[in-house]
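So the protein sequences, as listed, match chains A and B.
For the record, in the first sequence the residue sitting at position 121 is 121 according to our numbering, with numbers rising by one throughout.
To get our numbering, take the position in the second sequence, counting from 1, and add 1000.
A few of these clues could be false.
Said to hold, decoys possible - Simulated restraints, written as ranges between beta carbons of each label pair:
{"no.": "1", "chain 1": "B", "residue 1": "G1140", "chain 2": "A", "residue 2": "L81", "range": "22 to 30 Å"}
{"no.": "2", "chain 1": "B", "residue 1": "S1019", "chain 2": "A", "residue 2": "E95", "range": "35 to 43 Å"}
{"no.": "3", "chain 1": "B", "residue 1": "R1078", "chain 2": "A", "residue 2": "L81", "range": "47 to 55 Å"}
{"no.": "4", "chain 1": "B", "residue 1": "R1078", "chain 2": "A", "residue 2": "A27", "range": "46 to 54 Å"}
{"no.": "5", "chain 1": "A", "residue 1": "A27", "chain 2": "B", "residue 2": "D1102", "range": "33 to 41 Å"}
{"no.": "6", "chain 1": "B", "residue 1": "Q1021", "chain 2": "A", "residue 2": "R76", "range": "31 to 39 Å"}
{"no.": "7", "chain 1": "B", "residue 1": "R1080", "chain 2": "A", "residue 2": "G120", "range": "26 to 34 Å"}
{"no.": "8", "chain 1": "B", "residue 1": "E1086", "chain 2": "A", "residue 2": "D34", "range": "20 to 28 Å"}
{"no.": "9", "chain 1": "B", "residue 1": "D1102", "chain 2": "A", "residue 2": "G89", "range": "17 to 25 Å"}
{"no.": "10", "chain 1": "A", "residue 1": "Q21", "chain 2": "B", "residue 2": "S1036", "range": "24 to 32 Å"}
{"no.": "11", "chain 1": "B", "residue 1": "S1019", "chain 2": "A", "residue 2": "V111", "range": "28 to 36 Å"}
{"no.": "12", "chain 1": "B", "residue 1": "G1140", "chain 2": "A", "residue 2": "V137", "range": "35 to 43 Å"}
{"no.": "13", "chain 1": "B", "residue 1": "S1019", "chain 2": "A", "residue 2": "Q21", "range": "30 to 38 Å"}
{"no.": "14", "chain 1": "B", "residue 1": "A1113", "chain 2": "A", "residue 2": "T87", "range": "39 to 47 Å"}
What the hints assert, rightly or not - Subject to a maximum C-alpha distance of 35 Å in a straight line, what follows is the list of computed DSBU-like cross-link-like pairs (lysine-lysine):
{"no.": "15", "chain 1": "B", "residue 1": "K1032", "chain 2": "B", "residue 2": "K1070"}
{"no.": "16", "chain 1": "B", "residue 1": "K1032", "chain 2": "A", "residue 2": "K32"}
{"no.": "17", "chain 1": "A", "residue 1": "K70", "chain 2": "B", "residue 2": "K1032"}
{"no.": "18", "chain 1": "A", "residue 1": "K32", "chain 2": "A", "residue 2": "K70"}
{"no.": "19", "chain 1": "B", "residue 1": "K1070", "chain 2": "A", "residue 2": "K32"}
It is worth saying that the hints were derived from the structure and are not from the lab.
Predicted model, so just to flag it, every value in this text is computed and none were measured.
Think of the CB as a built atom: it goes at the ideal place given N, C-alpha and C, for glycine as much as any other residue.
Number of protein chains: 2
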Amino acid sequence: MIGESIEPMGCCVTEGVLSQQLRENGAVFAPKFDGSGLITAVVVDAASGAVLVVAYMNAEALAATLAIGKVHFWSRSRERLWMKGETSGHILQVEEVRVDCDQDALLIRAVPAGPTCHTGAESCFYRQVVVRDGEAVLTGTQT
Amino acid sequence: MIGESIEPMGCCVTEGVLSQQLRENGAVFAPKFDGSGLITAVVVDAASGAVLVVAYMNAEALAATLAIGKVHFWSRSRERLWMKGETSGHILQVEEVRVDCDQDALLIRAVPAGPTCHTGAESCFYRQVVVRDGEAVLTGTQT
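The shape of chain A in the complex, shown without the other chains (with noise of 0.2 Å):
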């Protein structure tokens, strides 16, 4: 797990500083973040590894869930750093975090402390996207 006593750190190298075969196959951690700033973080349940959330991190946000080991998000509509369940108690504590080949991409294993889903679902994927007569429409109710 990832300790709580860490202090805050430059988490990566500049952007743009690594070859393809680096970037992919290197020990350096260089998340490419988006015209906004943001990478993608996919959040994972460390015990059923069922998907609970997807959201976006910024630089700080990211270095502050690798030192303190709690997820941190940046919230696009508050535009502010967000630590995941600092209203509701429901922190996602960090067991591992992975990024995937080009590195643009975050996967997180972690403990929810309660439902990760601000509408009281464990899962903000609650919902299933099924086609009827040729129309999409969603089925399921949160659980």
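Using the hints provided, position chain B relative to the given structure of chain A.
Just chain B, lined up with the frame of chain A:
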């Protein structure tokens, strides 16, 4: 399983017509595409639940995914519709499509026909981010 014989369709209503209540609890599929016309899609292995890849769909890729039952993305680098596996043969056969609370991310359970990552790894998330001496570095190799 979503069938292969369904004709392409208009997949969804126009963004912005739903109240938050209907968006989060209703049966209307109203995917929220970003300013570039894209929505984040997370694909997990239907058998193991492992996260395989995170990529992006535009409305056309989403409609093709639902209609044909094979995962399609929008390639941001090549700027074109792209059926995953069209070159490698490692397609992703759709078992289930889910959407999150505010309908700005998709979760797809799929059966992979081979390694999903272009590097040959089963999953694009083959490396772990670890903190050593206050520095975030990567460990792990492609499997």
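Legend entry - Agreement of K1032 of chain B and K32 of chain A with the hint, judged by alpha carbon distance not exceeding 35 Å: holds, 23 Å
Inset, instruction - Determine whether the Cβ-Cβ distance between D1102 of chain B and G89 of chain A falls within the hinted range of 17 to 25 Å. - result: holds, 21 Å
Legend entry - Pairwise beta carbon distance, R1078 of chain B to A27 of chain A, judged against the given window 46 to 54 Å: violated, 29 Å
Inset, instruction - Could you see if the CB distance from R1080 of chain B to G120 of chain A stays within 26 to 34 Å? - result: Since the Cβ atoms of R1080 of chain B and G120 of chain A sit about 40 Å apart, the hinted range of 26 to 34 Å is violated.
Legend entry - C-beta pair R1078 of chain B, L81 of chain A: status relative to the range 47 to 55 Å that was hinted: violated, 34 Å
Legend entry - Distance restraint between K1032 of chain B and K1070 of chain B, which requires alpha-carbon spacing of 35 Å or less: With Cα atoms ~21 Å apart, K1032 of chain B and K1070 of chain B stay inside 35 Å; holds.
Legend entry - Range hint compliance [Cβ, S1019 of chain B to V111 of chain A, 28 to 36 Å]: Between S1019 of chain B and V111 of chain A, where Cβ atoms are some 34 Å apart, the hint holds.
Legend entry - Cβ distance range 24 to 32 Å for Q21 of chain A and S1036 of chain B, holds or violated: holds, 28 Å
Inset, instruction - Indicate whether the distance between the beta carbons of A27 of chain A and D1102 of chain B respects the range 33 to 41 Å. - result: holds, 36 Å
Legend entry - Range hint 20 to 28 Å (beta carbons of E1086 of chain B and D34 of chain A) holds or violated: At roughly 25 Å between Cβ atoms, D34 of chain A and E1086 of chain B fall inside 20 to 28 Å, so the hint holds.
Inset, instruction - Mind checking the alpha carbons of K32 of chain A and K70 of chain A for me, to see if they're no more than 35 Å apart? - result: Given that 35 Å is the threshold and the Cα spacing comes to 21 Å, the pair holds.
Inset, instruction - Take a quick look at whether K70 of chain A and K1032 of chain B sit within 35 Å of each other, Cα to Cα. - result: holds, 28 Å
Going down the numbered hints, you'll see the structure goes against 3, 4, 6, 7 and 13, while the others check out.
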